[in-house]
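S.K.: Using the sequences and the hints given, assemble the complete structure.
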Amino acid sequence: MYKWVLMIWALSCFPFIKAKSQNTSNKGKEFWIAYTGHIDGLQSKMYLYVTSDVNTTVDVKIGGLNIVGSPFTINANAIRAIPIDPNIAYVGSSDVIESGKAIEVIASHPVVVYSHIFKAARSGATLVLPAKALGREYYTTNFVQNKLSGSGYSEFTIVAVEDNTLVEITPKEKDIAGNHPAGQSFQKTLQKGEIYQYMSDRDLSGSHIISIAGTNGVCKPIAVFSGSSWVGFCKDKAPGSSGDNLYQQLYPVTAWGKEFITAPFIRKPYDIFRVYLAKIILP
1 MYKWVLMIWA LSCFPFIKAK SQNTSNKGKE FWIAYTGHID GLQSKMYLYV
51 TSDVNTTVDV KIGGLNIVGS PFTINANAIR AIPIDPNIAY VGSSDVIESG
101 KAIEVIASHP VVVYSHIFKA ARSGATLVLP AKALGREYYT TNFVQNKLSG
151 SGYSEFTIVA VEDNTLVEIT PKEKDIAGNH PAGQSFQKTL QKGEIYQYMS
201 DRDLSGSHII SIAGTNGVCK PIAVFSGSSW VGFCKDKAPG SSGDNLYQQL
251 YPVTAWGKEF ITAPFIRKPY DIFRVYLAKI ILP
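Using our numbering, you'd call the opening residue of the sequence shown number 1 and step up by one each time.
The hints are simulated quantities; they were obtained by calculation from the structure and are not laboratory data.
None of these values were measured; they are calculated from a predicted model.
Among the hints, erroneous ones may be present.
Said to hold, decoys possible - Below, simulated DMTMM-like cross-link-like pairs (lysine to aspartate or glutamate); rule was C-alpha separation at most 20 Å, straight line:
1) K119 x D95
2) K192 x D40
3) K61 x E30
4) K101 x E162
Claimed, not checked - Cβ pair distances, simulated, as ranges:
5) A78 x K29: 17 to 27 Å
6) T73 x V144: 25 to 35 Å
7) Q184 x P110: 40 to 50 Å
8) G183 x E162: 27 to 37 Å
9) A78 x A182: 39 to 49 Å
10) S70 x G183: 40 to 50 Å
For every residue, glycine included, the Cβ atom is placed at its ideal position computed from N, Cα and C.
M.R.: Have a look at this one:
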């Protein structure tokens, strides 16, 4: 027996991209974040925005080490902007397991975290899910790559939050080096804090990522981000003339729902929606 669950992803000609799901809290004490690929590479910038309804402190670590200024004080009902050094955390590789680049936020009291990657007018941001909301199965959300975008690539990025995490990946398209054919599953084993990023010059939407039982028989939760290092998708712009990085933390399939509320972006001629359907096998 099986059932179908649904996710909807909204796109617009606007640099700030967000998606929402149902029955999942975005408040927590532990978060894992990836500084994903951006067309400007190490010239790009990343900020974390942390807020809480109570006074608290947060440790921000990269590769297990506190960044400069950590721990940070968060005043109740205020927002603290925390810069992340691209020379330490940026992940620009494809089909490589990276160590020492995962960003971890640990708070003494529950907080909410947003992550923003940008350079000049190119900008993408995401709400960050707390570790308690992470799952083991995901489908990626991307977009059709503009062929004139140069080094802009469709991408997804996986962060392991526990040791000996075995991940099975079924990409919709081949990677930029041609190591993994479209539709052919492969596996990667990640240790806590390791990151794996996959890039393609084609739309990776619908790629399937699932944490599976390894030799220890346990399926581990993972954090997954997807989008593009640069993509243009506005019909009112000449191909290749304008675009942004897309940056979205994915909700696990278990957090998907059946009812969604959307609102149009102001002063935009249209919005774009992508709807994803997943089949879950019931016991």
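S.K.: For each hint, tell me whether it holds in the structure or not.
M.R.: Verification of the supplied hints:
1. K119 x D95: violated, 24 Å
2. K192 x D40: This hinted pair is violated, its Cα atoms lying about 28 Å apart.
3. K61 x E30: This hinted pair holds, its Cα atoms lying about 11 Å apart.
4. K101 x E162: holds, 15 Å
5. A78 x K29: 17 to 27 Å: holds, 18 Å
6. T73 x V144: 25 to 35 Å: violated, 44 Å
7. Q184 x P110: 40 to 50 Å: holds, 41 Å
8. G183 x E162: 27 to 37 Å: holds, 28 Å
9. A78 x A182: 39 to 49 Å: About 47 Å separates the Cβ atoms of A78 and A182, which means 39 to 49 Å holds.
10. S70 x G183: 40 to 50 Å: About 43 Å separates the Cβ atoms of S70 and G183, which means 40 to 50 Å holds.
Of the numbered hints listed earlier, those contradicted by the structure are 1, 2, 6.
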